[in-house]
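A.B. asks: These protein sequence lines are chains F and C, in that order.
Residue numbers for the first sequence follow this note's numbering, beginning at 8 and rising by one.
Residue numbers for the second sequence follow this note's numbering, beginning at -14 and rising by one.
Hints listed in this document are in silico derivations from the structure and should not be mistaken for laboratory results.
Remember, predicted model here, so these are calculated numbers, not experimental data.
Each hint can be trusted.
Quick look at which bits of chain C chain F covers, simulated, 3 or more residues with Cβ under 8 Å:
id	stretch
1	19 to 31
2	195 to 205
3	308 to 319
Note that beta-carbon positions come from the ideal geometry of N, C-alpha and C, so glycine has one too.
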Amino acid sequence: MNRLFQHKSIHAPSPIGMALSYLVLGIWTVIVLLPLYWLVVTSLKIPIQVHEGPFYIPFVDFQPSLHAWDYVLLGDLSRDTLRTYINTVIVAPISALLALLLGTAAAYALVRFDYRPRLGAIVSFIGCVVLMIVAVILGVPWQIAVVAGLAVFIIILITIGRRFKRALGNDDIAFWMISQRMLPPIAVVIPIYVLFQRLNLLDTQLALIITYVAINLPIVIWLMRDYFRTIPIELEECAAIDGASRYRTFWSIVLPLAVPGLVATFLFVLVFTWNEYLLALFLSGAKAQTLPYVISSQNATRGPQWWYMSVLILIMIIPVIAMAIALERYIARGLLVGAIKG
Amino acid sequence: MQVERDPRPLSQLEPNSESSLLLPGRLHGLNSQAERLAGSMFLWPAVLALLFLSIFPLIVSLYVSLTRFRIAIGGYDLTFIGLENYHKLLFGREQTHFLGLFAPSTLIHWLIFGLVVVALLVYLGRYLQEGAVSFGGLLGRLLMVAGLGACAWMLIHTLGPDGRPGTLTVTLVYVFVGIFFQYLLGLGLAMLVVQRLPGRRFFRVVFLLPMMITPVGVAYMFRMVTDTGRGPFAPLWQAAGLAAFSWVNDPWGARAAILIADIWQWTPFMFIVLVAALESQSQDPIEAAIVDGANSWQLFRYITWPAILPVSMTLILIRLIEAFKILDLPNVMTNGGPGTATESLTLQAFINWRSLDLGVSAAVAYMLLFAVTFFSLVFVNLIRQRAVEKF
Chain F
8 MNRLFQHKSI
18 HAPSPIGMAL
28 SYLVLGIWTV
38 IVLLPLYWLV
48 VTSLKIPIQV
58 HEGPFYIPFV
68 DFQPSLHAWD
78 YVLLGDLSRD
88 TLRTYINTVI
98 VAPISALLAL
108 LLGTAAAYAL
118 VRFDYRPRLG
128 AIVSFIGCVV
138 LMIVAVILGV
148 PWQIAVVAGL
158 AVFIIILITI
168 GRRFKRALGN
178 DDIAFWMISQ
188 RMLPPIAVVI
198 PIYVLFQRLN
208 LLDTQLALII
218 TYVAINLPIV
228 IWLMRDYFRT
238 IPIELEECAA
248 IDGASRYRTF
258 WSIVLPLAVP
268 GLVATFLFVL
278 VFTWNEYLLA
288 LFLSGAKAQT
298 LPYVISSQNA
308 TRGPQWWYMS
318 VLILIMIIPV
328 IAMAIALERY
338 IARGLLVGAI
348 KG
Chain C
-14 MQVERDPRPL
-4 SQLEPNSESS
6 LLLPGRLHGL
16 NSQAERLAGS
26 MFLWPAVLAL
36 LFLSIFPLIV
46 SLYVSLTRFR
56 IAIGGYDLTF
66 IGLENYHKLL
76 FGREQTHFLG
86 LFAPSTLIHW
96 LIFGLVVVAL
106 LVYLGRYLQE
116 GAVSFGGLLG
126 RLLMVAGLGA
136 CAWMLIHTLG
146 PDGRPGTLTV
156 TLVYVFVGIF
166 FQYLLGLGLA
176 MLVVQRLPGR
186 RFFRVVFLLP
196 MMITPVGVAY
206 MFRMVTDTGR
216 GPFAPLWQAA
226 GLAAFSWVND
236 PWGARAAILI
246 ADIWQWTPFM
256 FIVLVAALES
266 QSQDPIEAAI
276 VDGANSWQLF
286 RYITWPAILP
296 VSMTLILIRL
306 IEAFKILDLP
316 NVMTNGGPGT
326 ATESLTLQAF
336 INWRSLDLGV
346 SAAVAYMLLF
356 AVTFFSLVFV
366 NLIRQRAVEK
376 F
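Next comes chain F alone, as it looks inside the complex (with noise of 0.2 Å):
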């Protein structure tokens, strides 16, 4: 564990070498910093500066003004503003939570247990849900072919199922689910719309919700599963016999154990739910928009506005920001990981 948490450098650098590396890492400071200090810049101007050819510092080359700031949070737009925000505050955090909790309690496990799906089991339940869809889409009420379908896998499981002895192990599982993953969101959201419009939660955030829990999934239980190979396991074994419950176990010895992976995780799938915009344009409309769609909306018919947009861009990236600097030790350790599983 120890050997974990140090601190360590590969060695000490000689005083050239320490001052090309300075200059390599400026070099790439001005590369990463200078578009975003394009957009601090933008938010400042007037349109037309803007479309009158580059002015670079304000006050220097041009008056700055803050008519775009004013406008994004104060004027006109400051209710798209503000309804965008607090749904993009509410959906992103919760479901990046609800991602880490399911996530976490998956990936425990299938490092800790031992998990035989049988295939006979999955080819049958493949073959009901899709007996189902047809069903459906010849005209049968939803209802009845969810019933119908379920009843069906149940029987086949009790009578065909229990000869096909071939199984799966924990490695297929993880397998499966890294795999949903490869889907673009583009091949799926058609049917994900029409999912949440036979249930009443289109334009809601519950949708969005459960949509970026389900898509962040695989993540967590990826990034988790190496973390928690690392921990060893005679804590647990102690924690067993001195009558712990698994529960107990996890709750109390293993998570506080996890805490860097926890959060370093909980950060990248923050910022994927933070920013993702395909999905909530498919699956939101007035109500339940998120940021990056008022972002978008800027470029309307009289062309980008980029001086709203800088000013949106910003005020979009300084939380996930604030948190990242809160929270950059923990990154580094957090993604320990991979390097000691190989």
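With the hints as your guide, set chain C onto chain F.
C.D. replies: Chain C in isolation, oriented as in the chain F frame:
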């Protein structure tokens, strides 16, 4: 090689809890009931969530890709047309859009293709020589060789002077060129930042910034920054005599702009994970090597590189999966233009979706899924295993 391992629901999970931790018999009454269920309680919620939003949409999408979608009176109308959408993409009128315009084969094309074929045959031959040939293994390798050969044929003929790359080629260019630079830059920066330099925490936070911005925002930002007339580099463009040059109208210029934005945004991901990997390295072998007089190249090549190789492979695999789905950057920066020069597969699906051609859209999405699965499996089987075994 197992193509298509998903979707696979996990019914009938049987936790075998005795084997790993707890001794049965220690637990009594209600408690033991809960204990026996623990395995299911931990895993099932995640499985259900995934099932809810993956199996069902996947199957419906597959069905939609086999139909023609039309708006009809009082709703819409799906007509089953079999594989026609796929046929259209691969051989029909969408072929030049999807696969690209193939240049007529010349001697050079054949030479390059010959080299690729020889390399693939050598790979197959080696496998056969090793002796441990199984039917599944051979079939998998044959499929892999055939797929890579076809892919090479397409790349050679569409990237040349007379050809025109289709969306598949363009996506492959984004994925592989992007990942190559992201990895190199990420590794280089990570190596520099783990040194004992004052102020390295500052660099760490700053280098993470690009990843924090929403991709749509990054795309608009790069449209501002790369503007040759009003962006910050306008004087440079003028000085270079390129003031009238508009990268948007040049196919490779536009692709390069999108690649630069992509590299800018995703280098931090490589960077932060590699920093973590480098810092967790054991110091003993390094100190021993320094005592033995190894220079820094040898240190890197024989000690650091093998240590970070497994993480690097996982990292590249994650990015491979994510990079195939590139959408926002080409959509916002160029809208796929000029022509279809910068259109990625996801953007093609998106554009078809927007024009309500849902069948073709779903078919494109499925082709993308096949491509990602194929390249992930090739990567895992061909490169990752080999790289991890070697050290």
